[in-house]
Amino acid sequence: MEMDVENLAEGVTKAVLRGRFDTTGAVAIELPFNMLANERQSLVVDLSTVSFMSSYGIRVLLRGAKIAESKGAKLVIFCPDTAVRKVLKIAGTSDLIPVYPTLDAATAAVS
Amino acid sequence: MQARGTTSGNRLVLRTALSELGQLAAWVEEVSRHAGLTADMAFGLQLCIEEAVANVVMYGGAPDDSPIIVQIQQVRDGVTATIEDGAQPFDATQVPPRAIPESLDEARIGGLGVHLIRQYASEMRYERHQDRNRLTLEFSRSKAPAGWT
Numbered sequence: 001m002e003m004d005v006e007n008l009a010e011g012v013t014k015a016v017l018r019g020r021f022d023t024t025g026a027v028a029i030e031l032p033f034n035m036l037a038n039e040r041q042s043l044v045v046d047l048s049t050v051s052f053m054s055s056y057g058i059r060v061l062l063r064g065a066k067i068a069e070s071k072g073a074k075l076v077i078f079c080p081d082t083a084v085r086k087v088l089k090i091a092g093t094s095d096l097i098p099v100y101p102t103l104d105a106a107t108a109a110v111s
Numbered sequence: 112m113q114a115r116g117t118t119s120g121n122r123l124v125l126r127t128a129l130s131e132l133g134q135l136a137a138w139v140e141e142v143s144r145h146a147g148l149t150a151d152m153a154f155g156l157q158l159c160i161e162e163a164v165a166n167v168v169m170y171g172g173a174p175d176d177s178p179i180i181v182q183i184q185q186v187r188d189g190v191t192a193t194i195e196d197g198a199q200p201f202d203a204t205q206v207p208p209r210a211i212p213e214s215l216d217e218a219r220i221g222g223l224g225v226h227l228i229r230q231y232a233s234e235m236r237y238e239r240h241q242d243r244n245r246l247t248l249e250f251s252r253s254k255a256p257a258g259w260t
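Which chain is which? The protein sequence lines are L and Z, in order. Residue numbering for the first sequence follows our numbering, beginning at 1 and increasing consecutively. Residue numbering for the second sequence follows our numbering, beginning at 112 and increasing consecutively.
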């Protein structure tokens, strides 16, 4: 799994995750993702090119959101209506972290 | 015992190691394709097997060379998967239903795997046999779980 980081605007960063957000993928990006959540203000996590999501992936997202919340920042997810979005809903994650169907909506929510 | 990572039709033998999960995912995908599963069923099968095996590897306490045997059988109404391991006894069917957290603050990190299996498999059974755990997961078209709909 890969992660690209892009600054969208003052204080808003986009993290694009690519590939399978399974146990192996989540273990690989956990540390850099936590660091990003720590360092940046608002974070838009782009899951539009993530093809699979397991509980470890959700764990990484929840920890990142907790880090953001602890410093008064926001973390939101951009995820189109796919099987990955369904996993987030079934896990209850989308009740805790806002999930938006478009990048514009996700960016607007943290700007 | 078969050598590590060997496949025999619908049977895969893995070591108890995280590095085996990539091979597992590719194998499950191939078996799903051969079985002609729908996208929802294939995703559910992939997710449940990943959760079950990752749980054994990360929390089961078995040595690396202890084999995990995964089998997938095509049945009339779908597929049945069994996962056998030599880890500490663990009956996933007895894990209490997950409490729904109302805030990020309350949300526990982890503990989601069994919840997802319950939502993506039609049925889950457990037996302890000859010092090994055996988890059986059924994926039945006539008993579509919440995750497929």
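Just so you know, the hints here were simulated from the structure itself, not pulled from any lab data. Quick reminder that beta carbons are idealized off the backbone N, C-alpha and C, glycines included. Treat the hints loosely; a few may be bogus.
[Said to hold, decoys possible] Below, simulated EDC-like cross-link-like pairs (lysine to aspartate or glutamate); rule was C-alpha separation at most 16 Å, straight line:
hint : chain 1 : residue 1 : chain 2 : residue 2
1    : L       : Lys71     : Z       : Asp216
2    : L       : Lys74     : Z       : Glu131
3    : L       : Lys74     : L       : Glu39
4    : L       : Lys66     : Z       : Asp202
5    : L       : Lys89     : Z       : Glu213
6    : L       : Lys66     : Z       : Asp216
7    : L       : Lys71     : L       : Asp46
8    : L       : Lys66     : Z       : Glu238
[Claimed, not checked] Computed from the model, here is a short list of chain Z residues facing chain L with C-beta under 8 Å:
hint : residue
9    : Leu129
10   : Gln134
11   : Ala136
12   : Phe154
13   : Ala173
14   : Pro208
15   : Leu215
16   : Gln230
17   : Ser233
18   : Glu234
19   : Met235
Query - Index of numbered hints that the structure contradicts, given in increasing order - result: Of the numbered hints, 2, 4, 7, 8, 10, 13, 14, 17, 18 and 19 do not hold.
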